[in-house]
Amino acid sequence: MSRRPARTLSVLILEDRESDAKLVARQLRKNGLDIAWNRVTSETAFRQALDGAVDVILADYQVPGVDVKRVLSLARERSPETPFLVVSGSLPEQLGIELMKLGADDYVIKDRPERLGQAIERCMDRTRARREARAIETRYRSLFEHLPVGFVSMSASGELIDGNAALLRLAGFPDVESMRKVSVLDMYVDPADRILLLERLAQDGVVTGFETRFRRADGMIAWVRSDLRMARDQEDGPVLIDGLIFDISERRQAEEELRRSLEALHLSDQRRQRLLHRLVDAQEAERRRIAADIHDDAVQVMAAAVLRLATLRRRLTDDQHLAPMQRLEETVSLAVGRLRNLLFELNPAVLDSHGLVAAVRAHLEQHSATDDVTWEIHNELASEPESDLRLLIYRITQEALVNVRKHAGATKVSVVFEERDGGVLTQIRDNGRGFSMEGNPAPGHLGLASMKERAELGGGWWELESEPGGGATVKFWLPFRSVETRTP
Amino acid sequence: VNPLRVLIADDDDVFRSALADFIRDHDSMEVVAEAADAGGAIALASELKPDIALVDVKMPGGGAEACAGIRASSPATHVLVLSAHGDPQTARQMLAAGASRHLVKGASSSDLTAQILAVAATRASPF
Numbered sequence: 001m002s003r004r005p006a007r008t009l010s011v012l013i014l015e016d017r018e019s020d021a022k023l024v025a026r027q028l029r030k031n032g033l034d035i036a037w038n039r040v041t042s043e044t045a046f047r048q049a050l051d052g053a054v055d056v057i058l059a060d061y062q063v064p065g066v067d068v069k070r071v072l073s074l075a076r077e078r079s080p081e082t083p084f085l086v087v088s089g090s091l092p093e094q095l096g097i098e099l100m101k102l103g104a105d106d107y108v109i110k111d112r113p114e115r116l117g118q119a120i121e122r123c124m125d126r127t128r129a130r131r132e133a134r135a136i137e138t139r140y141r142s143l144f145e146h147l148p149v150g151f152v153s154m155s156a157s158g159e160l161i162d163g164n165a166a167l168l169r170l171a172g173f174p175d176v177e178s179m180r181k182v183s184v185l186d187m188y189v190d191p192a193d194r195i196l197l198l199e200r201l202a203q204d205g206v207v208t209g210f211e212t213r214f215r216r217a218d219g220m221i222a223w224v225r226s227d228l229r230m231a232r233d234q235e236d237g238p239v240l241i242d243g244l245i246f247d248i249s250e251r252r253q254a255e256e257e258l259r260r261s262l263e264a265l266h267l268s269d270q271r272r273q274r275l276l277h278r279l280v281d282a283q284e285a286e287r288r289r290i291a292a293d294i295h296d297d298a299v300q301v302m303a304a305a306v307l308r309l310a311t312l313r314r315r316l317t318d319d320q321h322l323a324p325m326q327r328l329e330e331t332v333s334l335a336v337g338r339l340r341n342l343l344f345e346l347n348p349a350v351l352d353s354h355g356l357v358a359a360v361r362a363h364l365e366q367h368s369a370t371d372d373v374t375w376e377i378h379n380e381l382a383s384e385p386e387s388d389l390r391l392l393i394y395r396i397t398q399e400a401l402v403n404v405r406k407h408a409g410a411t412k413v414s415v416v417f418e419e420r421d422g423g424v425l426t427q428i429r430d431n432g433r434g435f436s437m438e439g440n441p442a443p444g445h446l447g448l449a450s451m452k453e454r455a456e457l458g459g460g461w462w463e464l465e466s467e468p469g470g471g472a473t474v475k476f477w478l479p480f481r482s483v484e485t486r487t488p
Numbered sequence: 001v002n003p004l005r006v007l008i009a010d011d012d013d014v015f016r017s018a019l020a021d022f023i024r025d026h027d028s029m030e031v032v033a034e035a036a037d038a039g040g041a042i043a044l045a046s047e048l049k050p051d052i053a054l055v056d057v058k059m060p061g062g063g064a065e066a067c068a069g070i071r072a073s074s075p076a077t078h079v080l081v082l083s084a085h086g087d088p089q090t091a092r093q094m095l096a097a098g099a100s101r102h103l104v105k106g107a108s109s110s111d112l113t114a115q116i117l118a119v120a121a122t123r124a125s126p127f
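Top to bottom, those sequences are chains D and L.
The numbering of the first sequence is the numbering used here, which starts it at 1 and goes up by one.
The numbering of the second sequence is the numbering used here, which starts it at 1 and goes up by one.
Just so you know, the hints here were simulated from the structure itself, not pulled from any lab data.
A couple of the hints might just be wrong.
[Stated by the list, open to error] The list that follows gives simulated cross-link-like pairs (lysine to aspartate or glutamate, DMTMM-like), each with its CA atoms no further than 20 Å apart:
#1 L:Lys58 x D:Glu453
#2 L:Lys58 x D:Glu199
#3 D:Lys30 x D:Asp51
#4 L:Lys58 x D:Glu98
#5 D:Lys30 x D:Glu43
[Said to hold, decoys possible] Derived CB-CB ranges, DEER-like:
#6 L:Ala114 x D:Arg271: 22 to 30 Å
#7 D:Glu345 x L:Gly62: 37 to 45 Å
#8 L:Gln89 x D:Arg338: 17 to 25 Å
#9 L:Ser17 x D:Ala335: 28 to 36 Å
#10 D:Glu456 x L:Gln89: 31 to 39 Å
#11 D:Arg289 x L:Asp111: 36 to 44 Å
#12 D:Glu456 x L:Ala114: 46 to 54 Å
#13 D:Arg271 x L:Asp21: 54 to 62 Å
#14 L:Ser73 x D:Lys406: 47 to 55 Å
#15 D:Ala323 x L:Ser73: 55 to 63 Å
#16 L:Asp111 x D:Asp372: 44 to 52 Å
#17 D:Arg271 x L:Asp111: 47 to 55 Å
[As the list claims (entries may be wrong)] So the derived list for chain D, only partly shown, Cβ under 7 Å to chain L, looks like this:
#18 Pro113
#19 Ala222
#20 Thr374
Quick reminder that beta carbons are idealized off the backbone N, C-alpha and C, glycines included.
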């Protein structure tokens, strides 16, 4: 803040003697003030002059026909911030004090003119400070008014002292006066909440995040969050409660909706799981039925064919016929062996009797005789998965291994089971040709979609990592719980 | 040398008759009886005391029951079980019930002959 105003100071002088006015002006310039002055000698002229820009008023209190008190009140009314200094040849102390009470900023005796410059500067500084204070107050008041959060200030018994627009909106009152007719504390619907709120305020002085129901003026109930403090404004002043009140009805409503949709989700999840069980049960029943048919019929008949061919061969003596007959017998025998593998795939009894790893090992052993693939199994599961989950893991693993055998051209395959995030993570990794995930799936890869579908039905996920030429890894995770809860 | 006396117990007519014809075709063996269930097999074994009983693991009355019953009523009879499945657990069950060997249906016929003769050899030279 500069001590000297940068611009020319416009001085209004009420003075009947021009020479005195000049004297004053000279003195002010001598004090280093850059001034332009205007002398008036009547109340009418003074009034007119106030319409223009005036920075300082210097008034002689003894101008004939002018009542200095009237002029002072006029100036205070029309231009409240402009410093008003009384200048006089002699001024009774009493009158000076009286004029200052009426709003004059200072008084200066003409025979001590050297004081004048200082007095004006002091007045100007005070005015500037006042203006700034008012601007700050206006800014804060505006902030307070426009805060999107309810601000409340009340007595310890709940009488409203002050509140902003957001508070009035939240509470449903048109203005502060009408809201003062009720107790803010009474608007907290639940008496127990109210008591708890006051107890905590009394104990800690502060309450934050207090969520409770709040009754609006129209009787509607809103959910609010209160952040309040209880304190004395001044040391011996009354106890006040002030702070912020947030309308959280929308959030509460959203939470309620979320809760409801979670419930709906949970219900549909249960339905999904029931469907999964029915699907898995139906598929497994179908497989058992086919397996039984193959076992009871096809295998018997073909095994009989092997024996009949053998019997026939024993009658042949001619090498020309003997060799093809031998091959035919071997072929049929091989077909029975393949049917036996199919029986195992359809209904792996070993899964229930010896568990997941034994079943996967049996699957791999069955095929390793004919495929040139080396394999390994790493089992890091602490316990055997429950039977539905075990079957699901086995079926997806089986599908993945069939894919490796049919398409990957791999020489090595590994199967890893481990516990992860409340479920089982299974990884089937091969060193085959891999394939690009972009574009159309390779022919015969329908199995990928069915694996993914099965995993998702089981409440888990499935993914394939593959680069052309870089092998492939099928990874899937299934939760322990999801397939456990069977509803009858 | 007397031919080996063989009892066949299998509920599948097609397989049983093919197996019987195959056995009959060998001079070293003869079929003394055929049964289609465990009860029949035990009764016939008890009466005829065959050298060998070829028993299906899955037939009315149960393959394991047939096996144990035959061994109880005719301790000198060697039981060879035949299964379509070939799963190790069933094989263990049957061996526990007193079977000497476990064979898979549809495997090569020369293997079948070899197994029967191997069991018969233990008869010829008991420990």
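key: Hints violated by the structure (numbers, ascending)   = 1, 2, 3, 4, 5, 6, 7, 9, 11, 15, 16, 18, 19 and 20
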